[in-house]
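Colleague: For reference, the chains in residue letters:
Protein chains: 2
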Amino acid sequence: MKIGIIGLGLIGGSLGLDLTAKGYEVIGVSRKKETCDRALEKQIVTTAGQNLELLSKTDLIFVCTPIEAILRTIESIIPHLSPETIITDVGSVKGAIASPATKLWSNFVPSHPMAGTANQGVEAAEYNLFNNAPCVITPLPQTSPLAITKVSHIWETVGCRLYQSTPELHDRAVAWISHLPVMISANLIYSCTHTSSPEVIKLAQALASSGFKDTSRVGGGNPELGLMMAQYNRQQLINSLREYQQNLDLLIESIEGENWEALTNILQETHQNRPNFI
Amino acid sequence: MKIGIIGLGLIGGSLGLDLTAKGYEVIGVSRKKETCDRALEKQIVTTAGQNLELLSKTDLIFVCTPIEAILRTIESIIPHLSPETIITDVGSVKGAIASPATKLWSNFVPSHPMAGTANQGVEAAEYNLFNNAPCVITPLPQTSPLAITKVSHIWETVGCRLYQSTPELHDRAVAWISHLPVMISANLIYSCTHTSSPEVIKLAQALASSGFKDTSRVGGGNPELGLMMAQYNRQQLINSLREYQQNLDLLIESIEGENWEALTNILQETHQNRPNFI
Chain A
1 MKIGIIGLGL IGGSLGLDLT AKGYEVIGVS RKKETCDRAL EKQIVTTAGQ
51 NLELLSKTDL IFVCTPIEAI LRTIESIIPH LSPETIITDV GSVKGAIASP
101 ATKLWSNFVP SHPMAGTANQ GVEAAEYNLF NNAPCVITPL PQTSPLAITK
151 VSHIWETVGC RLYQSTPELH DRAVAWISHL PVMISANLIY SCTHTSSPEV
201 IKLAQALASS GFKDTSRVGG GNPELGLMMA QYNRQQLINS LREYQQNLDL
251 LIESIEGENW EALTNILQET HQNRPNFI
Chain B
1 MKIGIIGLGL IGGSLGLDLT AKGYEVIGVS RKKETCDRAL EKQIVTTAGQ
51 NLELLSKTDL IFVCTPIEAI LRTIESIIPH LSPETIITDV GSVKGAIASP
101 ATKLWSNFVP SHPMAGTANQ GVEAAEYNLF NNAPCVITPL PQTSPLAITK
151 VSHIWETVGC RLYQSTPELH DRAVAWISHL PVMISANLIY SCTHTSSPEV
201 IKLAQALASS GFKDTSRVGG GNPELGLMMA QYNRQQLINS LREYQQNLDL
251 LIESIEGENW EALTNILQET HQNRPNFI
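Line by line, the protein sequences give chains A and B. Counting with the working numbering, you get residues 1 to 278 for the letters of the first sequence. Counting with the working numbering, you get residues 1 to 278 for the letters of the second sequence.
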């Protein structure tokens with residue numbers, strides 16, 4: 001099987017490393033010549049270039065661009081492809097991609113491998129990035145079962161644990177465990193730096209330790225990623241934030257009313273339930 | 001200098017290990033005989049016992065009990081002490097301790113070393129726990145400068161970075177960077193397990209990865225610690241939670257109104273400001 005990868009950054013590059021190592025013919029396309037050169041040097045791909053025509057003989061193409069470029073990338077490769085070619089993507093939101101991408105190309109399979117590091121670009125590509133990472137395939141009713149099988153097989157080849165759901169269910173789940181944490185974590189940093197007393201902020205900065213460090217990590221990350229989550233998963237994120245806020249009201253009420261039994265119940269429950277997520 | 005430690009768990013035990021290793025005479029008191037035996041075996045102390053009378057000849061006593069036991073522990077040792085003996089504590093809230101403890105014993109110095117691990121008890125005691133950890137001394141106007149100097153010296157001996165503030169300023173700062181994170185993190189776990197769709201919860205649990213893991217860590221910790229923070233630092237914690245909630249409203253408004261410039265500003269600011277805390 002001849003595989004194409006568009007976008008040779010952390011995700012596309014890491015996928016290429018594993019597939020090339022496993023003996024696949026991998027054709028990489030990037031807008032930048034330096035990225036193509038580096039991808040060849042690092043053995044991320046077997047062929048690399050800036051021209052989309054290179055993809056004309058591929059069986060399966062992974063679109064590994066940032067989410068806002070996925071649809072226009074598909075549009076631009078279509079003139080070069082034969083109809084049997086399968087296209088998939090790696091976007092972290094599926095509702096905004098699955099349906100319009102399928103309209104552009106009926107042999108499209110929406111997917112989302114949940115892997116990453118704090119680094120970006122071709123230099124960040126690493127072997128085994130997907131090992132044991134969850135990967136969600138979110139087909140539409142009309143998505144070809146054969147195409148789903150082929151895409152799933154490649155993700156399993158690089159070590160992913162596969163899940164299937166509707167695009168909507170995927171977006172609701174990631175709103176809860178990925179996008180909501182970014183917003184509440186960012187709001188922690190924001191609140192700690194905007195409280196009225198400079199004295200308090202200064203001492204807080206001196207005293208912050210591992211608890212603050214962990215809770216603030218995703219909120220202090222790449223601002224473009226946070227913006228993308230809000231733009232592309234807006235409604236599900238708003239729903240999660242609103243529920244979060246209502247629950248926070250109850251928690252604050254329990255403290256204000258010194259209802260220590262209610263607060264104990266909440267904290268015991270969260271202590272018991274966290275292991276179900278990790 | 002002869003040092004007493006009451007409570008030989010993670011904090012008291014680790015302090016004893018370092019001080020004994022540095023050649024101090026360390027007298028440890030615990031309610032349990034097994035703890036005393038273990039503390040001697042592990043060279044946490046040079047003398048150990050269950051009887052508070054053992055402390056009668058000490059120069060400086062560290063009360064390392066849970067916060068709710070600090071005041072009654074001080075009351076119970078007073079009959080055995082000479083007036084020059086200095087008492088200090090390690091409680092993580094200072095407003096509820098500094099003033100009543102000073103009324104009980106004028107030679108009292110409130111302190112809070114900010115160190116810890118996820119473990120508890122004498123077996124959790126470890127060398128160098130305090131190395132480079134912040135320690136806040138929160139004296140009252142009437143606290144003896146000599147006593148402050150002596151207590152500060154011991155904390156510096158085990159590697160702490162020392163800070164001084166009022167008890168109120170301390171409690172406001174730790175509400176922001178320690179107690180608020182616990183509550184917003186717990187509320188994340190609570191919200192993710194209480195949303196209405198079992199299907200969403202199941203997929204969310206399967207997909208949760210490092211972002212959720214880090215953001216939920218302190219909220220899934222020991223429920224008694226979270227309760228203690230709320231009980232002993234109630235007003236400051238409520239103030240922080242209310243400000244947090246108002247800021248969250250603004251963040252949600254920016255997403256609802258698709259005011260991407262406002263959201264970008266927030267996320268860029270948190271990205272820039274996080275390093276000031278860690």
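Rather than coming from a laboratory, the hints here were simulated on the basis of the structure. Don't be surprised by glycine CBs; every beta carbon is placed ideally from N, CA and C. Possibly wrong hints are sitting among the right ones.
When the alpha-carbon atoms are kept at most 30 Å apart in a straight line, the in silico DSBU-like pairs for lysine-lysine are as follows [unchecked claim]: (1) A/K33 - A/K57; (2) B/K103 - B/K42; (3) B/K2 - A/K213; (4) B/K33 - B/K2; (5) B/K202 - A/K202; (6) A/K213 - B/K213; (7) A/K2 - A/K213; (8) B/K150 - A/K150; (9) A/K33 - A/K22; (10) A/K103 - A/K150; (11) B/K22 - B/K33; (12) A/K202 - B/K2.
Pairwise CB distance ranges, derived in the manner of DEER restraints [as the list claims (entries may be wrong)]: (13) A/N128 - B/L250: 39 to 45 Å; (14) B/P66 - A/S196: 43 to 49 Å; (15) B/I278 - A/T117: 17 to 23 Å; (16) B/R31 - A/T157: 54 to 60 Å; (17) A/P66 - B/E41: 57 to 63 Å; (18) B/L162 - A/Q245: 37 to 43 Å; (19) B/T166 - A/N128: 37 to 43 Å.
Colleague: Confirm or reject each hint.
Modeller: Status of each hint after checking the structure:
1. A/K33 - A/K57: holds, 21 Å
2. B/K103 - B/K42: violated, 36 Å
3. B/K2 - A/K213: violated, 37 Å
4. B/K33 - B/K2: holds, 22 Å
5. B/K202 - A/K202: Given that 30 Å is the threshold and the Cα spacing comes to 42 Å, the pair is violated.
6. A/K213 - B/K213: holds, 13 Å
7. A/K2 - A/K213: violated, 44 Å
8. B/K150 - A/K150: Between B/K150 and A/K150 the Cα gap is close to 71 Å, so the pair fails against 30 Å, i.e. violated.
9. A/K33 - A/K22: holds, 25 Å
10. A/K103 - A/K150: With Cα atoms ~20 Å apart, A/K103 and A/K150 stay inside 30 Å; holds.
11. B/K22 - B/K33: holds, 25 Å
12. A/K202 - B/K2: Given pair A/K202, B/K2 is violated - Cα atoms ~35 Å apart, limit 30 Å.
13. A/N128 - B/L250: 39 to 45 Å: Given about 41 Å between the Cβ atoms, the range holds.
14. B/P66 - A/S196: 43 to 49 Å: violated, 32 Å
15. B/I278 - A/T117: 17 to 23 Å: holds, 18 Å
16. B/R31 - A/T157: 54 to 60 Å: 59 Å Cβ-Cβ, so the 54 to 60 Å window holds.
17. A/P66 - B/E41: 57 to 63 Å: holds, 59 Å
18. B/L162 - A/Q245: 37 to 43 Å: With Cβ atoms ~39 Å apart, the hint holds.
19. B/T166 - A/N128: 37 to 43 Å: This hint is violated: roughly 52 Å between Cβ atoms.
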